[in-house]
Amino acid sequence: MNAQTQPSPTVFDVQRVRADFPLLSRTVHDKPLIYFDNANTSQKPLSVIEAVDQHYRLRNANVSRAVHLLGEEATAAYEGARDKLARFINATSRNELILTSGTTQAMNLIAYSFAMPRLKEGDSILTTVMEHHANIVPWQIVASRTGATVKAAPIDDRGELIVEKYIEMLTPDVKLACVTHVSNVLGTVNPVREIARECRKRGIPLVVDGSQAVPHRPVDVQALGCDFYAFTGHKMLSPTGTGGLWARKEHLEAMPPFFGGGEMIREVSFSGTTFAAPPHKFEAGTPNIAGFAGVGAAIDYYDSIGFDAIHSWEQQLLSYATERLRDIPGLRLFGEAKEKEPVISFLIEGAQATDLATLLDLQGVAVRSGHHCAHPLMQFFKVPATLRASLAFYNTREEVDAFITALLKVRKLLM
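Note that full-length UniProt numbering has the sequence shown beginning at 1, numbered continuously upward.
Treat the hints as calculated values from the structure; they're not laboratory data. From the three backbone atoms N, C-alpha and C, an ideal C-beta is built for every residue, glycine too.
Below, computed lysine to any residue pairings styled on SDA-like, alpha-carbon distance capped at 20 Å:
1. Lys120 with Ser144
2. Lys84 with Tyr302
3. Lys412 with Arg326
4. Lys412 with Leu359
5. Lys175 with Ala152
6. Lys249 with Met116
7. Lys409 with Gly350
8. Lys201 with Pro172
9. Lys151 with Gln379
10. Lys175 with Val150
11. Lys31 with Arg18
12. Lys249 with Asp83
13. Lys151 with Asp123
14. Lys412 with Thr354
15. Lys165 with Arg202
16. Lys175 with Glu250
17. Lys382 with Ile162
18. Lys409 with Val28
19. Lys338 with Gln315
20. Lys175 with Arg145
21. Lys31 with Glu398
22. Lys201 with Glu168
23. Lys120 with His251
24. Lys165 with Phe381
25. Lys249 with Gly225
26. Lys201 with Val163
27. Lys84 with Ile289
28. Lys175 with Arg200
29. Lys175 with His251
30. Lys151 with Cys373
31. Lys84 with Glu72
32. Lys151 with Glu164
33. Lys84 with Gln222
34. Lys151 with Glu198
35. Lys409 with Asp327
36. Lys412 with Gln363
37. Lys175 with Val129
Cβ-Cβ distance ranges computed for the label pairs, FRET-style:
38. Gln54 with Glu349: 46 to 56 Å
39. Thr405 with Glu349: 16 to 26 Å
40. Ile49 with Thr274: 33 to 43 Å
I would like the entire structure built from these sequences, with the hints used as guidance.
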(Lines of atoms letter the chains of each structure in order from A and count residues from 1; the text may use other names and numbers.)
(Lines give C-alpha, C1' and ligand atoms only; values in the text may rest on other atoms or scores of the structure.)
Protein backbone atom coordinates (compact mmCIF):
# COMPACT_ATOMS: atom_id res chain seq x y z
CA MET A 1 0.00 0.00 0.00
CA ASN A 2 1.00 3.64 -0.34
CA ALA A 3 2.44 4.61 3.02
CA GLN A 4 1.34 8.22 2.38
CA THR A 5 -2.33 7.25 2.13
CA GLN A 6 -3.68 5.77 5.32
CA PRO A 7 -6.97 3.85 4.96
CA SER A 8 -9.99 5.13 6.84
CA PRO A 9 -10.52 3.33 10.15
CA THR A 10 -13.23 0.69 10.07
CA VAL A 11 -14.99 -1.14 12.85
CA PHE A 12 -13.24 -4.44 13.45
CA ASP A 13 -13.70 -6.34 16.70
CA VAL A 14 -10.12 -7.47 17.03
CA GLN A 15 -10.53 -8.43 20.68
CA ARG A 16 -13.28 -10.88 19.76
CA VAL A 17 -10.99 -12.33 17.09
CA ARG A 18 -8.06 -12.60 19.50
CA ALA A 19 -10.20 -14.63 21.88
CA ASP A 20 -10.26 -17.36 19.23
CA PHE A 21 -6.45 -17.78 19.34
CA PRO A 22 -5.33 -19.46 22.58
CA LEU A 23 -1.62 -18.80 22.18
CA LEU A 24 -2.07 -15.03 22.01
CA SER A 25 -2.97 -14.93 25.69
CA ARG A 26 0.30 -16.38 26.95
CA THR A 27 3.30 -14.53 28.36
CA VAL A 28 6.98 -14.85 27.47
CA HIS A 29 9.73 -13.70 29.83
CA ASP A 30 6.96 -12.46 32.13
CA LYS A 31 5.70 -10.11 29.41
CA PRO A 32 2.49 -10.33 27.35
CA LEU A 33 3.30 -11.96 24.03
CA ILE A 34 3.33 -9.70 20.98
CA TYR A 35 3.47 -12.04 18.01
CA PHE A 36 4.80 -10.19 14.96
CA ASP A 37 6.24 -13.21 13.10
CA ASN A 38 3.20 -14.07 11.01
CA ALA A 39 5.05 -14.24 7.69
CA ASN A 40 7.03 -17.09 9.26
CA THR A 41 3.96 -18.97 10.49
CA SER A 42 0.53 -17.85 11.63
CA GLN A 43 -1.12 -18.70 14.91
CA LYS A 44 -4.06 -21.12 14.87
CA PRO A 45 -7.63 -20.47 15.99
CA LEU A 46 -9.22 -22.86 18.44
CA SER A 47 -11.46 -24.28 15.71
CA VAL A 48 -8.39 -25.48 13.78
CA ILE A 49 -6.78 -26.96 16.89
CA GLU A 50 -10.03 -28.75 17.71
CA ALA A 51 -10.39 -30.09 14.16
CA VAL A 52 -6.99 -31.77 14.43
CA ASP A 53 -7.77 -33.03 17.92
CA GLN A 54 -11.16 -34.38 16.84
CA HIS A 55 -9.59 -36.27 13.96
CA TYR A 56 -7.33 -38.21 16.31
CA ARG A 57 -9.99 -38.62 18.97
CA LEU A 58 -12.91 -39.66 16.78
CA ARG A 59 -11.97 -40.59 13.22
CA ASN A 60 -8.31 -41.59 13.06
CA ALA A 61 -8.04 -43.81 9.99
CA ASN A 62 -6.34 -43.76 6.62
CA VAL A 63 -8.02 -42.20 3.61
CA SER A 64 -9.36 -43.81 0.44
CA ARG A 65 -8.45 -47.32 1.61
CA ALA A 66 -11.13 -48.68 3.94
CA VAL A 67 -14.88 -49.13 3.73
CA HIS A 68 -15.39 -48.88 7.48
CA LEU A 69 -16.99 -45.76 8.94
CA LEU A 70 -13.78 -44.29 10.37
CA GLY A 71 -12.12 -44.49 6.96
CA GLU A 72 -15.14 -42.93 5.28
CA GLU A 73 -15.20 -40.06 7.76
CA ALA A 74 -11.45 -39.42 7.46
CA THR A 75 -11.70 -39.46 3.68
CA ALA A 76 -14.66 -37.08 3.74
CA ALA A 77 -12.71 -34.60 5.90
CA TYR A 78 -9.58 -34.86 3.76
CA GLU A 79 -11.34 -34.55 0.41
CA GLY A 80 -13.62 -31.92 1.91
CA ALA A 81 -10.52 -29.79 2.52
CA ARG A 82 -9.67 -30.10 -1.16
CA ASP A 83 -13.14 -28.86 -2.06
CA LYS A 84 -12.81 -25.90 0.29
CA LEU A 85 -9.34 -25.01 -0.96
CA ALA A 86 -10.48 -25.20 -4.58
CA ARG A 87 -13.28 -22.76 -3.79
CA PHE A 88 -10.91 -20.62 -1.70
CA ILE A 89 -8.68 -19.92 -4.73
CA ASN A 90 -11.51 -20.18 -7.28
CA ALA A 91 -10.13 -23.18 -9.14
CA THR A 92 -12.20 -24.41 -12.09
CA SER A 93 -12.23 -27.92 -10.65
CA ARG A 94 -11.19 -29.69 -7.47
CA ASN A 95 -9.16 -32.01 -9.70
CA GLU A 96 -6.78 -29.16 -10.50
CA LEU A 97 -5.65 -28.96 -6.88
CA ILE A 98 -2.86 -31.18 -5.53
CA LEU A 99 -2.63 -31.35 -1.75
CA THR A 100 0.99 -30.93 -0.68
CA SER A 101 3.11 -30.40 2.41
CA GLY A 102 3.57 -26.77 1.38
CA THR A 103 5.01 -24.49 -1.25
CA THR A 104 8.46 -26.09 -1.22
CA GLN A 105 7.07 -29.48 -2.20
CA ALA A 106 4.86 -27.84 -4.80
CA MET A 107 7.78 -26.02 -6.41
CA ASN A 108 9.86 -29.17 -6.53
CA LEU A 109 6.96 -31.06 -8.07
CA ILE A 110 6.79 -28.47 -10.85
CA ALA A 111 10.57 -28.51 -11.25
CA TYR A 112 10.95 -32.26 -11.61
CA SER A 113 7.66 -33.26 -13.20
CA PHE A 114 6.98 -30.29 -15.49
CA ALA A 115 10.20 -28.33 -16.07
CA MET A 116 12.96 -30.94 -16.20
CA PRO A 117 11.46 -33.06 -19.00
CA ARG A 118 11.05 -29.92 -21.12
CA LEU A 119 14.37 -28.17 -20.53
CA LYS A 120 17.49 -28.49 -22.66
CA GLU A 121 20.80 -26.73 -23.08
CA GLY A 122 20.31 -23.10 -24.01
CA ASP A 123 16.91 -22.81 -22.31
CA SER A 124 16.25 -20.44 -19.42
CA ILE A 125 14.01 -20.10 -16.37
CA LEU A 126 13.11 -16.56 -15.35
CA THR A 127 12.55 -15.62 -11.73
CA THR A 128 13.12 -12.40 -9.73
CA VAL A 129 15.62 -11.02 -7.22
CA MET A 130 12.98 -10.86 -4.47
CA GLU A 131 12.10 -14.57 -4.42
CA HIS A 132 12.17 -16.99 -1.50
CA HIS A 133 14.71 -19.76 -1.98
CA ALA A 134 11.85 -22.17 -2.72
CA ASN A 135 11.33 -20.22 -5.95
CA ILE A 136 15.02 -20.25 -6.85
CA VAL A 137 16.81 -23.41 -5.72
CA PRO A 138 14.55 -26.02 -7.41
CA TRP A 139 15.05 -24.21 -10.72
CA GLN A 140 18.81 -24.13 -10.22
CA ILE A 141 18.87 -27.87 -9.56
CA VAL A 142 16.92 -28.84 -12.68
CA ALA A 143 18.83 -26.28 -14.74
CA SER A 144 22.14 -27.83 -13.70
CA ARG A 145 20.89 -31.24 -14.83
CA THR A 146 19.59 -30.08 -18.20
CA GLY A 147 22.07 -27.43 -19.29
CA ALA A 148 19.53 -24.65 -18.81
CA THR A 149 20.19 -21.42 -16.92
CA VAL A 150 18.30 -19.38 -14.33
CA LYS A 151 18.07 -15.62 -14.71
CA ALA A 152 16.53 -13.07 -12.36
CA ALA A 153 14.58 -9.92 -13.15
CA PRO A 154 15.66 -6.88 -11.12
CA ILE A 155 13.85 -4.76 -8.57
CA ASP A 156 14.25 -1.09 -7.68
CA ASP A 157 15.33 0.51 -4.41
CA ARG A 158 11.71 0.67 -3.19
CA GLY A 159 11.51 -3.11 -3.44
CA GLU A 160 9.22 -3.10 -6.47
CA LEU A 161 9.70 -5.43 -9.40
CA ILE A 162 10.76 -3.56 -12.54
CA VAL A 163 7.92 -5.02 -14.54
CA GLU A 164 8.99 -3.69 -17.92
CA LYS A 165 12.39 -5.34 -17.42
CA TYR A 166 10.74 -8.63 -16.42
CA ILE A 167 8.68 -8.51 -19.61
CA GLU A 168 11.75 -7.61 -21.66
CA MET A 169 13.48 -10.70 -20.25
CA LEU A 170 10.69 -13.00 -21.49
CA THR A 171 12.83 -13.95 -24.48
CA PRO A 172 12.37 -17.07 -26.66
CA ASP A 173 14.86 -19.07 -24.58
CA VAL A 174 12.64 -18.74 -21.47
CA LYS A 175 10.64 -21.94 -21.03
CA LEU A 176 9.29 -21.18 -17.54
CA ALA A 177 8.64 -17.90 -15.72
CA CYS A 178 8.29 -17.56 -11.95
CA VAL A 179 7.25 -14.78 -9.59
CA THR A 180 6.10 -14.36 -6.02
CA HIS A 181 2.64 -12.89 -5.54
CA VAL A 182 3.73 -11.16 -2.31
CA SER A 183 7.34 -10.85 -1.11
CA ASN A 184 7.99 -12.58 2.20
CA VAL A 185 10.62 -9.94 3.09
CA LEU A 186 9.25 -6.71 1.63
CA GLY A 187 5.50 -7.28 1.51
CA THR A 188 5.53 -6.08 -2.10
CA VAL A 189 2.49 -7.17 -4.11
CA ASN A 190 3.48 -8.04 -7.66
CA PRO A 191 1.21 -7.45 -10.70
CA VAL A 192 0.61 -11.12 -11.42
CA ARG A 193 -2.22 -10.54 -13.90
CA GLU A 194 -0.07 -8.29 -16.06
CA ILE A 195 2.86 -10.69 -15.94
CA ALA A 196 0.60 -13.66 -16.74
CA ARG A 197 -0.87 -11.80 -19.70
CA GLU A 198 2.58 -11.15 -21.14
CA CYS A 199 3.64 -14.75 -20.53
CA ARG A 200 0.57 -16.06 -22.36
CA LYS A 201 1.36 -13.87 -25.37
CA ARG A 202 4.70 -15.66 -25.61
CA GLY A 203 3.50 -19.15 -24.71
CA ILE A 204 5.56 -19.22 -21.49
CA PRO A 205 4.04 -21.02 -18.47
CA LEU A 206 3.97 -18.90 -15.30
CA VAL A 207 4.55 -20.23 -11.76
CA VAL A 208 3.33 -18.08 -8.87
CA ASP A 209 4.40 -18.44 -5.23
CA GLY A 210 1.27 -17.48 -3.31
CA SER A 211 2.49 -18.30 0.20
CA GLN A 212 2.34 -14.72 1.46
CA ALA A 213 -0.76 -13.75 -0.53
CA VAL A 214 -3.38 -16.29 0.56
CA PRO A 215 -3.34 -15.24 4.25
CA HIS A 216 -4.09 -11.60 3.41
CA ARG A 217 -6.21 -11.30 0.26
CA PRO A 218 -8.71 -13.23 -1.83
CA VAL A 219 -7.00 -15.21 -4.59
CA ASP A 220 -8.68 -16.06 -7.89
CA VAL A 221 -6.41 -18.25 -9.98
CA GLN A 222 -8.73 -18.02 -12.98
CA ALA A 223 -8.59 -14.22 -12.94
CA LEU A 224 -4.82 -14.17 -12.35
CA GLY A 225 -4.23 -16.20 -15.50
CA CYS A 226 -1.14 -18.08 -14.32
CA ASP A 227 -0.37 -21.75 -14.99
CA PHE A 228 0.67 -22.85 -11.49
CA TYR A 229 -0.14 -21.36 -8.09
CA ALA A 230 1.51 -22.74 -4.94
CA PHE A 231 0.71 -21.93 -1.32
CA THR A 232 1.46 -23.08 2.22
CA GLY A 233 -1.11 -23.94 4.88
CA HIS A 234 0.79 -23.02 8.03
CA LYS A 235 0.91 -19.34 7.03
CA MET A 236 -2.90 -19.28 6.64
CA LEU A 237 -4.04 -20.44 10.10
CA SER A 238 -3.56 -24.13 9.23
CA PRO A 239 -1.30 -26.87 10.64
CA THR A 240 2.26 -27.29 9.46
CA GLY A 241 2.88 -29.79 6.68
CA THR A 242 -0.10 -28.66 4.61
CA GLY A 243 -0.45 -26.71 1.40
CA GLY A 244 -1.55 -26.90 -2.18
CA LEU A 245 -0.57 -26.63 -5.81
CA TRP A 246 -3.12 -25.50 -8.35
CA ALA A 247 -2.26 -26.16 -11.98
CA ARG A 248 -4.07 -26.05 -15.27
CA LYS A 249 -5.68 -29.33 -16.21
CA GLU A 250 -3.66 -29.75 -19.40
CA HIS A 251 -0.41 -29.47 -17.47
CA LEU A 252 -1.43 -32.00 -14.82
CA GLU A 253 -2.53 -34.50 -17.45
CA ALA A 254 0.78 -34.20 -19.30
CA MET A 255 3.05 -34.30 -16.24
CA PRO A 256 4.49 -37.63 -15.05
CA PRO A 257 4.28 -38.46 -11.33
CA PHE A 258 6.98 -37.09 -9.06
CA PHE A 259 6.58 -39.57 -6.17
CA GLY A 260 5.68 -43.21 -6.66
CA GLY A 261 3.93 -45.53 -4.23
CA GLY A 262 0.51 -46.31 -2.89
CA GLU A 263 -2.66 -44.45 -3.82
CA MET A 264 -1.25 -42.77 -6.93
CA ILE A 265 -1.81 -45.80 -9.15
CA ARG A 266 -4.64 -47.33 -11.11
CA GLU A 267 -3.03 -50.77 -11.59
CA VAL A 268 0.41 -52.19 -10.84
CA SER A 269 2.06 -55.23 -12.41
CA PHE A 270 5.62 -56.16 -13.29
CA SER A 271 4.80 -55.58 -16.92
CA GLY A 272 3.98 -51.95 -16.18
CA THR A 273 1.99 -49.55 -14.01
CA THR A 274 -0.84 -47.22 -14.91
CA PHE A 275 -1.41 -44.13 -12.81
CA ALA A 276 -4.43 -42.54 -11.26
CA ALA A 277 -5.88 -39.41 -12.79
CA PRO A 278 -4.83 -36.00 -11.45
CA PRO A 279 -4.62 -34.87 -8.75
CA HIS A 280 -4.21 -38.25 -7.06
CA LYS A 281 -1.36 -39.41 -9.30
CA PHE A 282 0.76 -36.77 -7.53
CA GLU A 283 -0.27 -37.78 -3.99
CA ALA A 284 1.60 -40.97 -3.19
CA GLY A 285 1.48 -42.43 0.30
CA THR A 286 -0.46 -41.52 3.43
CA PRO A 287 -1.05 -37.77 3.54
CA ASN A 288 -1.29 -35.38 6.48
CA ILE A 289 -4.94 -36.24 7.09
CA ALA A 290 -5.29 -34.50 10.45
CA GLY A 291 -3.50 -31.45 9.08
CA PHE A 292 -5.96 -31.10 6.23
CA ALA A 293 -8.85 -31.47 8.63
CA GLY A 294 -7.35 -28.35 10.18
CA VAL A 295 -7.11 -26.69 6.76
CA GLY A 296 -10.83 -27.15 6.26
CA ALA A 297 -11.50 -25.50 9.62
CA ALA A 298 -9.11 -22.65 8.77
CA ILE A 299 -10.98 -21.84 5.59
CA ASP A 300 -14.25 -21.87 7.50
CA TYR A 301 -12.68 -19.38 9.90
CA TYR A 302 -11.57 -17.06 7.10
CA ASP A 303 -15.08 -17.25 5.67
CA SER A 304 -16.59 -16.29 9.03
CA ILE A 305 -14.60 -13.03 9.09
CA GLY A 306 -14.24 -12.20 5.40
CA PHE A 307 -11.26 -10.87 3.52
CA ASP A 308 -12.72 -7.39 3.16
CA ALA A 309 -12.55 -6.97 6.94
CA ILE A 310 -9.19 -8.75 7.20
CA HIS A 311 -7.55 -6.68 4.47
CA SER A 312 -8.90 -3.37 5.74
CA TRP A 313 -7.71 -3.98 9.31
CA GLU A 314 -4.29 -5.26 8.25
CA GLN A 315 -3.75 -2.25 6.01
CA GLN A 316 -4.59 0.07 8.90
CA LEU A 317 -2.05 -1.75 11.08
CA LEU A 318 0.56 -1.60 8.31
CA SER A 319 0.13 2.16 7.87
CA TYR A 320 0.24 2.81 11.60
CA ALA A 321 3.28 0.60 12.25
CA THR A 322 5.17 2.04 9.27
CA GLU A 323 4.61 5.62 10.37
CA ARG A 324 5.63 4.82 13.95
CA LEU A 325 8.82 3.16 12.72
CA ARG A 326 9.71 6.15 10.54
CA ASP A 327 10.01 8.27 13.69
CA ILE A 328 12.83 6.15 15.12
CA PRO A 329 16.26 7.74 14.50
CA GLY A 330 18.65 5.68 12.41
CA LEU A 331 15.99 3.21 11.26
CA ARG A 332 16.12 2.07 7.63
CA LEU A 333 13.05 0.52 6.03
CA PHE A 334 13.40 -2.08 3.28
CA GLY A 335 10.51 -2.27 0.86
CA GLU A 336 8.28 0.74 0.38
CA ALA A 337 6.20 -0.41 -2.57
CA LYS A 338 2.97 1.37 -3.43
CA GLU A 339 1.03 -1.86 -2.83
CA LYS A 340 2.06 -3.94 0.17
CA GLU A 341 0.83 -6.55 2.57
CA PRO A 342 1.64 -6.16 6.30
CA VAL A 343 5.31 -7.16 6.22
CA ILE A 344 7.92 -4.63 7.36
CA SER A 345 11.66 -5.24 7.17
CA PHE A 346 14.11 -2.82 8.74
CA LEU A 347 17.46 -2.25 10.41
CA ILE A 348 18.66 0.25 12.97
CA GLU A 349 22.02 1.88 12.37
CA GLY A 350 24.73 0.42 14.59
CA ALA A 351 22.71 -2.66 15.65
CA GLN A 352 22.74 -6.23 14.38
CA ALA A 353 19.40 -7.75 13.42
CA THR A 354 19.97 -10.80 15.64
CA ASP A 355 20.82 -8.64 18.66
CA LEU A 356 17.67 -6.59 18.13
CA ALA A 357 15.50 -9.70 17.83
CA THR A 358 17.04 -11.32 20.90
CA LEU A 359 16.50 -8.28 23.08
CA LEU A 360 12.98 -7.73 21.72
CA ASP A 361 12.15 -11.30 22.69
CA LEU A 362 13.06 -10.45 26.27
CA GLN A 363 10.42 -7.70 26.03
CA GLY A 364 7.82 -10.22 24.84
CA VAL A 365 8.04 -9.30 21.16
CA ALA A 366 8.45 -12.12 18.61
CA VAL A 367 9.95 -10.95 15.30
CA ARG A 368 12.17 -12.62 12.73
CA SER A 369 15.80 -11.76 12.12
CA GLY A 370 18.03 -13.13 9.39
CA HIS A 371 18.06 -13.47 5.62
CA HIS A 372 14.48 -14.82 5.52
CA CYS A 373 15.43 -17.49 2.94
CA ALA A 374 16.13 -14.68 0.48
CA HIS A 375 19.91 -14.39 0.07
CA PRO A 376 19.76 -12.69 -3.36
CA LEU A 377 17.49 -9.99 -1.95
CA MET A 378 19.87 -9.37 0.94
CA GLN A 379 22.70 -9.14 -1.58
CA PHE A 380 20.72 -6.57 -3.56
CA PHE A 381 20.31 -4.36 -0.49
CA LYS A 382 23.92 -5.06 0.55
CA VAL A 383 23.00 -6.27 4.03
CA PRO A 384 23.51 -9.69 5.66
CA ALA A 385 20.12 -9.68 7.37
CA THR A 386 17.11 -7.60 8.36
CA LEU A 387 14.61 -7.54 11.17
CA ARG A 388 11.08 -8.35 10.02
CA ALA A 389 7.84 -7.50 11.75
CA SER A 390 4.92 -9.18 10.02
CA LEU A 391 1.37 -8.51 11.13
CA ALA A 392 -1.94 -10.36 10.97
CA PHE A 393 -5.58 -9.46 11.47
CA TYR A 394 -5.45 -10.58 15.12
CA ASN A 395 -2.79 -7.98 15.96
CA THR A 396 -3.67 -4.59 17.46
CA ARG A 397 -2.59 -0.95 17.45
CA GLU A 398 -1.78 -1.34 21.14
CA GLU A 399 0.65 -4.13 20.25
CA VAL A 400 2.27 -1.84 17.68
CA ASP A 401 2.69 0.82 20.37
CA ALA A 402 4.22 -1.72 22.77
CA PHE A 403 6.51 -2.96 19.99
CA ILE A 404 7.74 0.58 19.31
CA THR A 405 8.32 1.18 23.03
CA ALA A 406 10.31 -2.06 23.28
CA LEU A 407 12.28 -1.21 20.14
CA LEU A 408 13.23 2.21 21.48
CA LYS A 409 14.34 0.59 24.74
CA VAL A 410 16.43 -1.99 22.89
CA ARG A 411 17.92 0.67 20.63
CA LYS A 412 19.05 2.62 23.68
CA LEU A 413 20.72 -0.47 25.12
CA LEU A 414 22.67 -1.10 21.91
CA MET A 415 23.71 2.46 21.15
